[in-house]
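Participant: Residues per chain, in single letters:
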Amino acid sequence: MGTAGSEPRGPRGVRVTQEDVRRLCEFLYRRTGMLFDDNKRYYIDRRLVERIDATKSGSFPAYFALLRSDADHEIEQLINAFTVNETYFNREEHQLRCMTSDLLGNVIRGKRPGESIRIWSIPCSSGEEPYSIAIWLMENWRLVDSYNIEIVGSDIDTRALKAAGEGVYGARALMRLSRDVIGRYFQPVADGEHRIDPGLRESIQFTRANLIDSSEMARYRGFDIVFCRNVLIYFDDSSRRIAAENLYDCLAAGGYICLGHSETMSRISPLFRVCRFSDAIVYQRPESDHDGR
Amino acid sequence: MPFVKRDVTARPPAGGRPADDAVHADLAPHLTALGSPDIEVRWSAARALGGRTDAVPALTTALGVEQVARVREAIMTALMRVGDEASVVALLPYLRSQDAAERGASIEALQALPGAMLPFMAPLLADGDSDVRLLATELARNMPAEDATQLLCRLLEHEQHPNVCAAAIDVLAEVGTRDAVPALEACAERFAGTPFLPFAVSIAIARISDTDR
Chain G
1 MGTAGSEPRG
11 PRGVRVTQED
21 VRRLCEFLYR
31 RTGMLFDDNK
41 RYYIDRRLVE
51 RIDATKSGSF
61 PAYFALLRSD
71 ADHEIEQLIN
81 AFTVNETYFN
91 REEHQLRCMT
101 SDLLGNVIRG
111 KRPGESIRIW
121 SIPCSSGEEP
131 YSIAIWLMEN
141 WRLVDSYNIE
151 IVGSDIDTRA
161 LKAAGEGVYG
171 ARALMRLSRD
181 VIGRYFQPVA
191 DGEHRIDPGL
201 RESIQFTRAN
211 LIDSSEMARY
221 RGFDIVFCRN
231 VLIYFDDSSR
241 RIAAENLYDC
251 LAAGGYICLG
261 HSETMSRISP
271 LFRVCRFSDA
281 IVYQRPESDH
291 DGR
Chain P
294 MPFVKRDVTA
304 RPPAGGRPAD
314 DAVHADLAPH
324 LTALGSPDIE
334 VRWSAARALG
344 GRTDAVPALT
354 TALGVEQVAR
364 VREAIMTALM
374 RVGDEASVVA
384 LLPYLRSQDA
394 AERGASIEAL
404 QALPGAMLPF
414 MAPLLADGDS
424 DVRLLATELA
434 RNMPAEDATQ
444 LLCRLLEHEQ
454 HPNVCAAAID
464 VLAEVGTRDA
474 VPALEACAER
484 FAGTPFLPFA
494 VSIAIARISD
504 TDR
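Residue numbers (my numbering), protein chains in the order written: chain G, 1 to 293; chain P, 294 to 506.
If you're looking for bench data, these hints aren't it; they were derived computationally from the structure. All values derive from a computational prediction rather than experimental measurement. Backbone N, C-alpha and C define an ideal beta-carbon position, used for all residues, glycine too. Some hints here could point you the wrong way.
[Claimed, not checked] Pairwise CB distance ranges, derived in the manner of DEER restraints:
1) 295/P to 213/G: 30 to 40 Å
2) 77/G to 297/P: 33 to 43 Å
3) 176/G to 478/P: 50 to 60 Å
4) 297/P to 266/G: 29 to 39 Å
5) 423/P to 106/G: 40 to 50 Å
6) 489/P to 158/G: 51 to 61 Å
7) 354/P to 165/G: 44 to 54 Å
8) 264/G to 431/P: 52 to 62 Å
9) 391/P to 266/G: 44 to 54 Å
10) 176/G to 294/P: 20 to 30 Å
Produce the complete structure using the sequences and hints provided.
Facilitator: So, in structure tokens, the structure goes:
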């Protein structure tokens with residue numbers, strides 16, 4: 001039951017109760033896989049009240065109805081309020097470690113030196129992730145020169161792609177990189193910003209792609225590893241199913257897909273096999289229809 | 294640099310497969326491909342037919358004979374993308390499947406179609422099979438609160454199976470309105486000898502009452 005006296009109120013005097021928050025958390029978990037427990041109560045209350053105020057809903061019931069109908073893309077707004085939207089180099093580093101310690105070893109089993117390894121970052125936002133993948137491979141994979149590695153970064157947002165192509169980043173984006181690495185792969189430009197090494201910048205192809213557009217996605221095939229982080233949580237159930245099938249087609253047989261930390265493909269689609277490695281859980285397109293099904 | 298760059302956008306789709314873009318494509322080749330002995334061809338055909346109303350009869354037939362789980366999944370997604378009453382009719386029989394994965398897949402597809410599902414809900418919730426009634430309560434979860442409340446309250450008034458009641462109560466706790474309180478209270482009274490149900494009802498009423506101010 002609610003205890004109105006201690007609960008946050010928005011500028012319009014909106015209050016939320018414990019039961020409101022539980023209802024919201026169950027909905028969010030079912031809808032997105034994001035899990036919030038009681039020790040984050042104050043954090044949730046604050047953001048929930050902010051969204052109720054921002055949408056002028058006036059009360060939790062009215063806001064919850066808005067959220068459930070996903071009018072005005074409110075689910076996206078709410079998720080944004082609950083998540084860290086900024087991206088930076090080497091975000092979710094454990095997946096990059098997993099790539100070099102486990103995934104690539106399996107990928108090259110079926111390849112000869114000199115053959116291609118294809119890696120896709122979608123959505124790639126302003127390029128931090130594909131560049132991180134390239135730098136990580138240069139720094140951490142001893143076989144990096146033995147294969148032709150193709151890295152593609154795609155996003156639906158053409159402004160983000162333009163920024164990715166320019167490759168200029170501020171200090172916050174580089175905060176996880178050592179000074180040595182920054183020195184090797186970036187050049188300082190004005191106002192404390194750094195520009196990615198031109199050779200690296202020219203090595204990565206940036207393209208526009210929409211995950212739920214099957215005809216557009218048909219151009220992308222044969223990827224060995226796909227990084228697809230923190231985007232499926234924004235989709236509704238039917239879009240997620242379509243995206244999962246599109247991603248399946250984009251992967252080579254036996255290829256891997258890395259999702260964001262709050263996402264699980266098994267909640268979305270049975271098409272993929274769960275693979276637990278020491279650094280990360282990733283999903284694999286089975287080698288055949290009799291493999292893992 | 295060990296990296297190579299190719300023009301991804303110039304790369305044609307894999308040869309020999311039907312294109313995924315169904316919007317401007319002819320229907321006939323895809324319908325034929327649904328019966329191909331090649332799994333990849335059937336998979337691509339099912340994907341290409343997503344959202345095509347005129348393909349629903351063929352997709353329905355294909356779903357009835359398809360043995361490969363991946364292709365069955367794609368056919369269900371294709372029907373979901375059509376999303377009309379005919380596609381709901383095609384998906385409904387799989388709620389009765391003995392295969393849990395198949396039941397799950399049909400539930401997920403049908404949940405994405407709350408508008409088209411609505412006319413089918415009352416008969417489903419009155420079905421002679423308690424498993425079907427239980428799954429139907431889950432289908433109400435994505436419906437507008439007023440519709441879900443009305444449907445589930447009607448179920449609770451007569452439902453004899455405690456597990457079906459529990460499933461309905463769980464959905465009402467999330468999406469129900471205050472109008473559900475009388476039906477919930479009556480259910481708790483009727484199942485007083487089954488302690489978990491009055492407990493579940495008390496939680497649902499607390500949430501509904503507290504929220505629906």
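Participant: Hint by hint, say whether it matches the structure.
Facilitator: Do the hints match the structure? See the list:
no. : hint                       : result
1   : 295/P to 213/G: 30 to 40 Å : holds (31 Å)
2   : 77/G to 297/P: 33 to 43 Å  : holds (40 Å)
3   : 176/G to 478/P: 50 to 60 Å : holds (55 Å)
4   : 297/P to 266/G: 29 to 39 Å : holds (34 Å)
5   : 423/P to 106/G: 40 to 50 Å : holds (46 Å)
6   : 489/P to 158/G: 51 to 61 Å : holds (54 Å)
7   : 354/P to 165/G: 44 to 54 Å : holds (48 Å)
8   : 264/G to 431/P: 52 to 62 Å : violated (19 Å)
9   : 391/P to 266/G: 44 to 54 Å : violated (22 Å)
10  : 176/G to 294/P: 20 to 30 Å : holds (22 Å)
The structure fails to meet hints 8 and 9 from the earlier list, while all remaining hints are met.
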